[in-house]
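Q: Now for the letters of each chain:
Protein chains: 2
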Amino acid sequence: MITKLTAEERKSTLAELPGWEPTVGRDALHKSFKFEDFNAAFGFMTRIAIKAQELNHHPEWFNVYNQVEITLSTHEASGLTQRDIELARFIEKVSAGATRS
Amino acid sequence: MITKLTAEERKSTLAELPGWEPTVGRDALHKSFKFEDFNAAFGFMTRIAIKAQELNHHPEWFNVYNQVEITLSTHEASGLTQRDIELARFIEKVSAGATRS
Numbered sequence: 001m002i003t004k005l006t007a008e009e010r011k012s013t014l015a016e017l018p019g020w021e022p023t024v025g026r027d028a029l030h031k032s033f034k035f036e037d038f039n040a041a042f043g044f045m046t047r048i049a050i051k052a053q054e055l056n057h058h059p060e061w062f063n064v065y066n067q068v069e070i071t072l073s074t075h076e077a078s079g080l081t082q083r084d085i086e087l088a089r090f091i092e093k094v095s096a097g098a099t100r101s
Numbered sequence: 001m002i003t004k005l006t007a008e009e010r011k012s013t014l015a016e017l018p019g020w021e022p023t024v025g026r027d028a029l030h031k032s033f034k035f036e037d038f039n040a041a042f043g044f045m046t047r048i049a050i051k052a053q054e055l056n057h058h059p060e061w062f063n064v065y066n067q068v069e070i071t072l073s074t075h076e077a078s079g080l081t082q083r084d085i086e087l088a089r090f091i092e093k094v095s096a097g098a099t100r101s
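Read top to bottom, the protein sequences are chains A and B.
Going by the UniProt record's numbering, the first residue of the first sequence is number 1, and it counts up by one from there.
Going by the UniProt record's numbering, the first residue of the second sequence is number 1, and it counts up by one from there.
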C-alpha cells in the first residue's frame with residue numbers, strides 16, 4: 001500500500017517542481033503548459049503517456065490545441081504520493097518545448 | 001469564413017452520430033468514451049490527433065486512465081460547423097474498441 005507524502009516531503013518536493021500547485025479541494029498537484037502548436041502539445045502528451053504506462057501511473061489531463069492542463073494524484077492513496085512526484089519530474093524533463101506555463 | 005450549422009443540419013447530423021450531445025451553455029457537441037485500459041484510450045486519442053492535424057481542426061478533450069471526454073466546436077465560428085461533424089464522424093469510426101460510452 002502506497003502512502004501519502006508527509007508535510008516535509010511535500011515542502012521539499014514543491015521546491016524542486018516549479019509551477020506545480022496544490023489543487024483546490026483535493027490532494028493533487030496541477031500545472032498548465034502552453035506549446036507552439038498542437039503538434040508540440042500532443043508530442044509532449046505522447047511522451048508522458050508512454051512513461052505513464054511504464055510507471056503504471058497515469059495523469060488526468062485536458063488538452064485544447066496548444067494547451068495542456070495536467071493533474072496528478074494517486075487514486076489508490078486518495079492523495080499525493082511518490083508516484084506523482086516521479087511522474088511530475090519526468091513531465092518537467094520533457095516540457096522543455098513549452099513556450100510558457 | 002465557415003458558418004454555423006443550420007437547425008436542419010443539426011437535426012440530421014445528430015441522428016447519425018449516436019451519443020453526441022449538445023453541450024450545456026455553449027454551441028458544441030460532447031461525448032464520453034470508456035475503453036479497456038489506458039493503452040486503448042490513448043491509442044484512440046492518437047488516431048484522432050493525427051486526423052485533427054490533417055483537418056486542421058482540433059478537439060477539446062480530457063483523459064483519465066481509460067476514459068476520454070471529447071468536446072467539439074469551431075473557435076472561428078463560435079459554434080458548431082461542418083468541421084466538427086467531419087471530426088465526429090472520424091471519431092465514431094475509430095471508437096470501435098470503446099467498451100461503453
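Derived by calculation from the structure, the hints in this document are not laboratory data.
Be careful, since some hints might not be right.
What the hints assert, rightly or not - With a cut-off of at most 30 Å between alpha-carbon atoms, the simulated DSBU-like pairs for lysine-lysine come out as follows:
(1) A/Lys31 with A/Lys4
(2) A/Lys34 with B/Lys4
(3) A/Lys51 with A/Lys34
(4) A/Lys4 with B/Lys34
(5) A/Lys51 with B/Lys4
(6) B/Lys34 with A/Lys34
(7) B/Lys11 with A/Lys34
(8) A/Lys31 with B/Lys4
(9) A/Lys93 with B/Lys93
Said to hold, decoys possible - A few chain A residues that don't get close to chain B, going by computed Cβ distances all over 12 Å:
(10) Met1
(11) Thr3
(12) Lys4
(13) Leu5
(14) Glu9
(15) Lys11
(16) Gly19
(17) Lys31
(18) Gly43
(19) Met45
(20) Asn56
(21) His58
(22) Ala77
(23) Gly79
(24) Ser95
Unchecked claim - Ranges between beta-carbon positions, derived for each pair:
(25) B/Gln67 with A/Lys34: 23 to 33 Å
(26) B/Asn56 with A/Glu16: 36 to 46 Å
(27) A/Glu54 with B/Met1: 40 to 50 Å
(28) A/Glu86 with B/Gly97: 23 to 33 Å
(29) A/Ser12 with B/Arg10: 50 to 60 Å
(30) A/Ala96 with B/Glu9: 15 to 25 Å
(31) B/Lys11 with A/Arg47: 21 to 31 Å
(32) B/Ser12 with A/Glu54: 41 to 51 Å
(33) B/Tyr65 with A/Gly25: 19 to 29 Å
(34) A/Asn56 with B/Val94: 39 to 49 Å
(35) A/Glu86 with B/Arg10: 39 to 49 Å
(36) A/Lys11 with B/Met1: 22 to 32 Å
(37) A/Gly19 with B/Ala7: 17 to 27 Å
Glycine included, each C-beta is placed from N, C-alpha and C at the ideal position.
Q: Now look at each hint and say whether the structure bears it out.
A: Okay, the hints, checked on the actual structure:
1. Taking the CA atoms of A/Lys31 and A/Lys4, the gap is about 20 Å. The hint holds against a cut of 30 Å.
2. As the CA atoms of A/Lys34 and B/Lys4 are separated by approximately 28 Å, the hinted pair is consistent with the 30 Å bound.
3. A distance of roughly 20 Å separates the Cα atoms of A/Lys51 and A/Lys34; the hinted pair therefore holds under the 30 Å criterion.
4. The suggested pairing of A/Lys4 with B/Lys34 holds, with an alpha-carbon distance near 28 Å, which does not exceed 30 Å.
5. Distance hint between A/Lys51 and B/Lys4 is unfulfilled; the C-alpha atoms sit about 40 Å from each other, more than 30 Å.
6. Distance hint between B/Lys34 and A/Lys34 is fulfilled; the C-alpha atoms sit about 27 Å from each other, no more than 30 Å.
7. Pair hint B/Lys11 plus A/Lys34 does not hold up; C-alpha atoms about 36 Å apart against a cutoff of 30 Å.
8. As the CA atoms of A/Lys31 and B/Lys4 are separated by approximately 34 Å, the hinted pair breaks the 30 Å bound.
9. Using a Cα cut-off of 30 Å, the hinted pair A/Lys93 and B/Lys93 is violated, with the two alpha carbons roughly 35 Å apart.
10. Against chain B, the non-interface label of A/Met1 holds: every CB pair exceeds 12 Å, the least being about 19 Å.
11. At roughly 21 Å from the closest C-beta of chain B, the C-beta of A/Thr3 stays outside 12 Å, upholding its exclusion from the interface.
12. Annotated as non-interface, A/Lys4 keeps its C-beta farther than 12 Å from every C-beta of chain B; the closest such distance is 19 Å.
13. No beta-carbon of chain B is positioned within 12 Å of the beta-carbon of A/Leu5; the least distance is around 21 Å.
14. The Cβ of A/Glu9 lies farther than 12 Å from every Cβ of chain B, with a closest approach of about 24 Å, so its non-interface assignment holds.
15. Every beta carbon of chain B lies more than 12 Å from that of A/Lys11, the smallest distance being close to 27 Å; the non-interface claim holds.
16. The beta carbon of A/Gly19 sits about 20 Å from the closest Cβ of chain B, which is more than 12 Å, so the claim that it is off the interface holds.
17. Residue-level check passed: A/Lys31 sits 16 Å from the nearest beta carbon of chain B, beyond 12 Å.
18. With a least CB separation of 9 Å from chain B, A/Gly43 falls inside the 12 Å interface cut-off, contrary to its annotation.
19. Not every Cβ of chain B is farther than 12 Å from the Cβ of A/Met45; the closest lies at roughly 8 Å, contradicting the non-interface assignment.
20. Not every CB of chain B lies more than 12 Å from the CB of A/Asn56, the least distance being 9 Å, so the non-interface label is violated.
21. A/His58, annotated as away from the interface, has a beta carbon of chain B within 12 Å; the closest lies near 5 Å.
22. Annotated as non-interface, A/Ala77 keeps its C-beta farther than 12 Å from every C-beta of chain B; the closest such distance is 15 Å.
23. For A/Gly79, the condition that its CB be more than 12 Å from all CB atoms of chain B holds, with the nearest at approximately 16 Å.
24. No beta-carbon of chain B is positioned within 12 Å of the beta-carbon of A/Ser95; the least distance is around 18 Å.
25. Separation of B/Gln67 from A/Lys34 is about 24 Å and conforms to the stated range, judged on CB atoms against 23 to 33 Å.
26. A C-beta distance of roughly 39 Å is found between B/Asn56 and A/Glu16, which places it inside the suggested range of 36 to 46 Å.
27. A C-beta distance of roughly 46 Å is found between A/Glu54 and B/Met1, which places it inside the suggested range of 40 to 50 Å.
28. The beta-carbon spacing between A/Glu86 and B/Gly97, approximately 29 Å, falls within the hinted interval of 23 to 33 Å.
29. Separated by about 54 Å at the C-beta atoms, A/Ser12 and B/Arg10 satisfy the suggested range of 50 to 60 Å.
30. Distance hint check: the CB atoms of A/Ala96 and B/Glu9 are about 44 Å apart, inconsistent with the given range 15 to 25 Å.
31. A hinted range of 21 to 31 Å for the beta carbons of B/Lys11 and A/Arg47 is inconsistent with their spacing of about 42 Å.
32. B/Ser12 and A/Glu54 have their C-beta atoms about 45 Å apart, which keeps the hinted 41 to 51 Å range intact.
33. For B/Tyr65 and A/Gly25, the Cβ-Cβ distance of about 20 Å falls inside the hinted range of 19 to 29 Å, so the restraint holds.
34. Between A/Asn56 and B/Val94 the Cβ separation comes to about 25 Å, which falls outside the hinted range of 39 to 49 Å.
35. The given range of 39 to 49 Å is respected by A/Glu86 and B/Arg10, whose C-beta atoms sit roughly 46 Å from each other.
36. Taken as a hint, the range 22 to 32 Å is violated for the pair A/Lys11 and B/Met1, whose Cβ atoms sit roughly 53 Å apart.
37. The supplied range of 17 to 27 Å is broken by A/Gly19 and B/Ala7, whose beta-carbon atoms lie about 45 Å from each other.
The earlier numbered hints that this structure contradicts are 5, 7, 8, 9, 18, 19, 20, 21, 30, 31, 34, 36, 37.
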